[in-house]
Amino acid sequence: MVVGMKDAAKLIGISIISCCAVLVCALFMNYYLDILQIEDLLSTEQAVIFYHAQVSTAKVVCGVSGGCLLATSVVMLSFYIKHYIDTHKKELGILKALGYSNLRIAKNFWVFSTGVFLGTSVGFAGAFLLMPEFYERQNEEGLLPEIVVSFHPSLFVYLVALPTIAFAVLAVFYAALKLKRPVLLLLKNDFQSSSKIRRVKQGRDCPFLVDLRKHTLRTKKTLVFFIIFASFCFSAMTQMAASMNELASKMMGIMMLLIGVILACTTLFLAITTVIKGNTKTIAMMRVFGYSQKECCRALLGGYRPMSYIGFALGTVYQYALLRFTVDVIFKDMEGMPTYEFDFPVMFLSLAFFLVVYEIVMYCYAGQIKKISVKEIMLE
Amino acid sequence: MIEVKDVMKSYGNQDNKLPVLKGITAKIADGDFVVILGASGSGKSTFLNVVSGLEKPDSGSVRYDGRDITKLSDGELTGFRKDTVGFIFQQYYLLPNMTVEKNVRMGADLAGNSDYREIIKAVGLEGKLKKYPGELSGGEQQRVSIARALAKKPNVLFLDEPTGALDEETGRQVLAYISALQKERGFTMVMVTHNQNIAQMANTVIRMNSGKVMEVSTNETPMTAYEIGW
Ligand SMILES: Nc1ncnc2c1ncn2[C@@H]1O[C@H](COP(=O)(O)OP(=O)(O)OP(=O)(O)O)[C@@H](O)[C@H]1O
Ligand SMILES: [Mg+2]
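So the sequence lines, in the order shown, correspond to chains A and B. When we follow my numbering, the leftmost residue of the first sequence carries the number 41, and every step to the right adds one. When we follow my numbering, the leftmost residue of the second sequence carries the number 487, and every step to the right adds one.
Because the hints were derived from the structure by calculation, they are not lab data. It is possible that some hints are incorrect.
[What the hints assert, rightly or not] Straight-line Cα separation of at most 25 Å, DSS-like style, residue types lysine-lysine; simulated pairs:
no., chain 1, residue 1, chain 2, residue 2
1, A, 321, A, 410
2, B, 542, A, 321
3, B, 698, B, 513
4, A, 411, B, 557
5, A, 254, B, 617
Pulled out of the complex, with its shape left as it was, chain A reads as follows (with noise of 0.2 Å):
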C-alpha cells in the first residue's frame, strides 16, 4: 500500500473543515426541511415574514459557509496530496521505475477520503446533538407553531456519502494526473532535480536574505492563499458573530466564533508547516553557514505578514457587505430589527485578537525552526 492511514491522519485539518461545514450545512438544511413542513400552519402574516425569513436565513448560511468551506477542503486535498507527492517522490518514482501505472499507484489514494468520512459524519452526528436547542433558539418568540426535529436520510447521503465517494474520486484522478512525470523527475532527489526550478527573477544586487523571502513567496502561491484565506475567515467570522449576536442569535454568534478561529487556525498552521516542511533542508544549510534563527524566520515567514493584514482587510469588508445585503435585502420586512452599523470597537478588537494569535503561531514556528538539527542536510 502506497498510502497509509497514518498518512491519512495527517489530514486533520480536512476532517475539522469538513466537520464545520457539515455541522452548519445538517442544522440549516434539516431546519429549512423542517419548517417547510409548517408553512400550511401558519396563521398570522407576521408569523408569514418570520417564518420567509427563517427560510431566507437558512438558505443564505448555507450557501455561504458550506460553500466557503466545501471549496477550502478541496483546494486543501489538493494540496494535500500535492504536497505528498512531492515529498515521497523517490518511493512513487521506483514503483513507477518497477513498471507500476499511475493509475494503479493513484488507486491508493483513495484512502485520503477517510479523514473526509470522519469529519463529515462528526459533524453530522453534532448538528443532530445541537438541534433540539437550535430549534427552540430560532423560534424563542413562538412566532411559528412547534418544529419538531426530524430525521431526512437524504441529507445524510448529501452530505457525509457522496462527499466521502466524491473527495475519494478526486484524490485518485489528482494523484493520478500528478504522477505523470517522468520516473526520473520523481526520482532525483531536491538537491539535484531541475523540475521544481521555478525561475523567479532574482535581482542583480539584492542581499541573498531579501532574494529567498520573495522566493518562497512567489513560488508557493497556493500558501500565500491560505494565509490570505485564513486571516480572512478569522477577520469575517469573528466581526461577524458579534454581529450575530445582535441581528440573530447567541448561539449563532459562538458558533460563527468558533468556526472562524478553528478554520483560521488550521489553515494558518497547515500553511506555515508546509512552508518550513518545504524548506527544511535550506533552513538546515543557513544554520550550517551560520545564519541565525531570527534571520531564517524572517526570510521564510516574514513575507507572509503582509499577506495576513490583506487578508484581514477582505474579510472585514466582506462581512461588512454581507451583513448589508442581509439587513437591507433580506430582513427589509421584517419589524423590529436592529440597524446595522459598522461596528469599529468589534473592528478593533477583533485585529488585536488576531495579532495576538498570529505571533503567538509565528513564535511556535519559530521554535520548530530552532529545532531543526544542521545534521538535517546531510540525512536523505
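Given chain A's structure and the hints, the job is docking chain B with the ligands onto it.
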C-alpha cells in the same frame, strides 16, 4: 590553534550504542593544511562535524584559541560558525531553487563580502551565474559549493571529500585552486579524503581507524595538485 581533547561520540540509544569516536586528541595549528585519512566508517565525517561545531560530542573538548565550543549554546554556536568556519561537503548541498550567484551570495553576505563575483570567476563559473544547480554537472556544482564556502572568508575551512564526485582533471583543478587560495589568505584547512595521494599535498596527515587516531605525520615538502598521483 584548534585543540581537540578526549572527544567521544556515539550514536544510538542506551541499549544499542554505537561508539564512533573513541577518545580523539589532536592539535591543528593556524594556517595548517590537515588531511584526515581512514577507511570508510572509521568516523572521519563525524570527527569533522564535531570539530567544526555542527555536532556536539558526548564528552571531551574542542578549543579554538582556548575557547571551548562544546560548551556554547545553540545560538552562540551559530554565531561561531558564522564568524569562523566554512564547509564544503561531498554532496554539495546547494540550494536547488537559487541561481549559482545567489548560492554564492548566501556565503558572501554573511561576511559582508562584495567581491564574490571574483571567486565565481576564479572557479571558472562566470558563464553560469544565472544557472540553477540542477542545470550544472557534478563538478560544476562542487565548484559552486567551494565558491560559496570561500566567499564567506572563513578562518577554518572544512572539506568532506570535496573531490569525491569529480574526475581527475576537475579534481586537480579544484584542489589547486583551493590550496593556492589557502596559501594566499592563510586560513586553516581540514580535509577528509579517501584518496591517499591527496595526503601528499598536506602539511599534516591524521590517520584514523575505528574511531581512534592511529598516526599523525607531518610532511616537510608538500606537493602541488599537479604533482601528486591520482
Ligand atoms: N546520525 C548517525 N546515526 C547513527 N549512526 C551514525 C550516524 N552518523 C554516522 N553513523 C555511524 O558512524 C560511523 C562513522 O560514520 P562516519 O560518517 O563518520 O564515517 P566516515 O569515516 O566518514 O566514512 P566514509 O568514508 O564512508 O564517509 C558509521 O558506522 C556510521 O554508520
Ligand atoms: Mg564520510
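Hint check:
1. A:321 x A:410: holds, 13 Å
2. B:542 x A:321: holds, 20 Å
3. B:698 x B:513: holds, 14 Å
4. A:411 x B:557: holds, 18 Å
5. A:254 x B:617: Given that 25 Å is the threshold and the Cα spacing comes to 18 Å, the pair holds.
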